[in-house]
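**Q** Residue-level listing of the chains:
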Amino acid sequence: MRKHLNTIYVTTEDAWLRKDGANIVVEVEGKERGRAPLHLLEGIMCFGRIGASPALLAACAEAGIAFSYLSPIGRFLARVEGPRSGNVLLRRAQYRVADDNTRSVLIARYIVAAKVANQRTVIRRVLRDYGASSPEASQKALQAAEAWLTDTTRRIVKVTDMDSLRGIEGEAARVYFSVFNLFIRSEDPAFQFGGRSRRPPLDRVNALLSFLYALLGHDCRSALESVGLDPQVGFLHADRPGRTSLALDLMEEFRPVLADRLALNLINRAQVRAADFTCHEGGGITLHDDARKTVLTAWQERKKQEIRHPFLGETMTFGLVAHMQALLLSRYLRGELDAYPAFIWK
Amino acid sequence: MMPKPDQRQDEENLVPVSALQHYLFCPRQCALIHIEQQWAENGATVEGRLLHERVDSGVPDRKRGVRTLRTLPIRSFALGIYGKADAVELHGTGSTLIPYPVEYKRGSPKPHHADEVQLCAQALCLEEMFGCAVSEGALFYDRPHRRTTVQFDQDLRDLTQKTAQKVQDMLAAGKTPQPVWNKGCKHCSLEAICQPRRLEKPLCVEKWFLENLED
Ligand code: SF4
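Residue numbers (full-length UniProt numbering), protein chains in the order written: chain A, 1 to 346; chain B, 1 to 215.
Calculated from the structure, these hints are not laboratory results.
Note that CB positions come from ideal geometry on N, CA and C, so glycine has one too.
Please note that the accuracy of each hint is not assured.
What the hints assert, rightly or not - With a straight-line cut-off of 27 Å between C-alpha atoms, the simulated BS3-like cross-links for lysine-lysine are:
| id | chain 1 | residue 1 | chain 2 | residue 2 |
| --- | --- | --- | --- | --- |
| 1 | B | Lys-175 | B | Lys-162 |
| 2 | B | Lys-105 | A | Lys-346 |
| 3 | B | Lys-183 | B | Lys-110 |
| 4 | A | Lys-304 | B | Lys-186 |
| 5 | B | Lys-186 | B | Lys-105 |
| 6 | A | Lys-346 | A | Lys-304 |
| 7 | B | Lys-105 | A | Lys-158 |
| 8 | B | Lys-84 | B | Lys-105 |
| 9 | B | Lys-207 | A | Lys-346 |
Said to hold, decoys possible - Just so you have them, the derived chain A footprint on chain B, three or more residues with Cβ under 8 Å:
| id | segment |
| --- | --- |
| 10 | 166-179 |
| 11 | 195-202 |
All chains, full assembly: derive it from the sequences and hints.
**A** Encoded structure:
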């Protein structure tokens, strides 16, 4: 089995990263703070003002280690790319499908169906874990949403045009997020969820979700790149300059499973608290430095958890799943599979 | 010397010698590496690379009175291959120096002929470049630490030539063959990327997906 490799997250401002033999060394103010063998790494993500030596960047590019710069709140800024970048034959196959609406729908509807099924699973788990202790009205609302989403997955797999698909997806998101507050066990009113808001996130739950989605998006993008797909050309998400549409497509299956569940755990177990956020003028809310580290550590831990891959039937870490889905997508585009087996979480 | 008019065209179509070896190990592995540009570094490839780096670092030296060329660029238009030879010793004297390829290998001699073919491919390149017959070379395995002499007989030459042709055809077609699960998969660094068990006779995904969506 492919090994689960680690991602290094560097959040210390003014840290300097360099290569020493086959290792990466992290220095802060001239002092060595950490060191790791490069061959155990899958990615290096730098949040904020961090420097790196050209020798390290070259070594990462050569070994296929994703090296990216992000803003402190996780907005993607830049990445280092080496001479080996994908395979033109696969990309052509990808573009041909992306240009063909009928064929794009065949992929997109499984992605959306899996996403909605996974949202439904999140609700089922909430019902299973806390259902009995919830007020009856909440239980009813959760059950209704669960039933609606279950029904909707059946509708989705029959959809044949992209506009209806996007419509149903939007509806499902509204239903799912309408009960999102019921997933939150924290008594603290600061963790009221006010509906999805992104630019900027208008409450703490949204700030947390946005940060996790940024991490997930980054992982999906690297996964696609490592199998040679173009992360910018999607099927469900239409082309838009600067947008990594295929990474957004791939993310859909994982949002509920990886990001939403983790956000809920962090809130429900009080690992993040109201004071961990900064409220900006104009209503935007972002995570503090220290809380970001807590979230990154939890994200790493989540990625180390093992699951059984539904299609491949092999045990692997959550961190590898995006990679495997990217691989399966490329195998479908090459004609080795009759459809794309989107990730269904149980 | 000016290149022949068709040389540049030929150069475009050369395939790396290493692809022959990959092809003999498994055609799909060859396609994953050389068409799909996938590679996964596992213990074996890292070790292999370190070994090569050690060999590469040497300058032309003289051992037992034999001059050795290190990391020599080689190619053959007849076979359509190019690459590098780890070490080429120059045997003989004066004006009759005969190149003698020596390749360093991890582990012990293997039952498939990939290593012999790789060496023979080097020999055929050297024949074309030096304009002389190269009838023998050696593989040097680190376990046991020993040289094995390889004769470039007609059978090995034919196998090398046929393999080069198959690799060229496959790379030109740009199509990756389906996996065939075999005992080599255990030692294949690309097993996770290949998924031989699941993709050998792939399931009907549609049926699988619809079943899994329910319940
Ligand atoms: S895993 Fe097996 S079938 Fe796949 S490339 Fe390796 S040797 Fe070939």
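**Q** State for each hint whether it applies.
**A** Hint check results:
1. B:Lys-175 x B:Lys-162: holds, 19 Å
2. B:Lys-105 x A:Lys-346: violated, 47 Å
3. B:Lys-183 x B:Lys-110: holds, 14 Å
4. A:Lys-304 x B:Lys-186: holds, 24 Å
5. B:Lys-186 x B:Lys-105: With a Cα-Cα distance of about 19 Å, the restraint between Lys-186 of chain B and Lys-105 of chain B holds, given a limit of 27 Å.
6. A:Lys-346 x A:Lys-304: holds, 18 Å
7. B:Lys-105 x A:Lys-158: Violated, at roughly 55 Å.
8. B:Lys-84 x B:Lys-105: Since the Cα atoms of Lys-84 of chain B and Lys-105 of chain B sit roughly 14 Å apart, the hinted pair holds (cutoff 27 Å).
9. B:Lys-207 x A:Lys-346: holds, 17 Å
10. 166-179: Check passed, 3 qualifying residues.
11. 195-202: Coverage by chain A holds for the segment 195-202 of chain B (4 residues, Cβ < 8 Å).
Comparing the model with each earlier hint shows violations of hints 2, 7; every other hint is respected.
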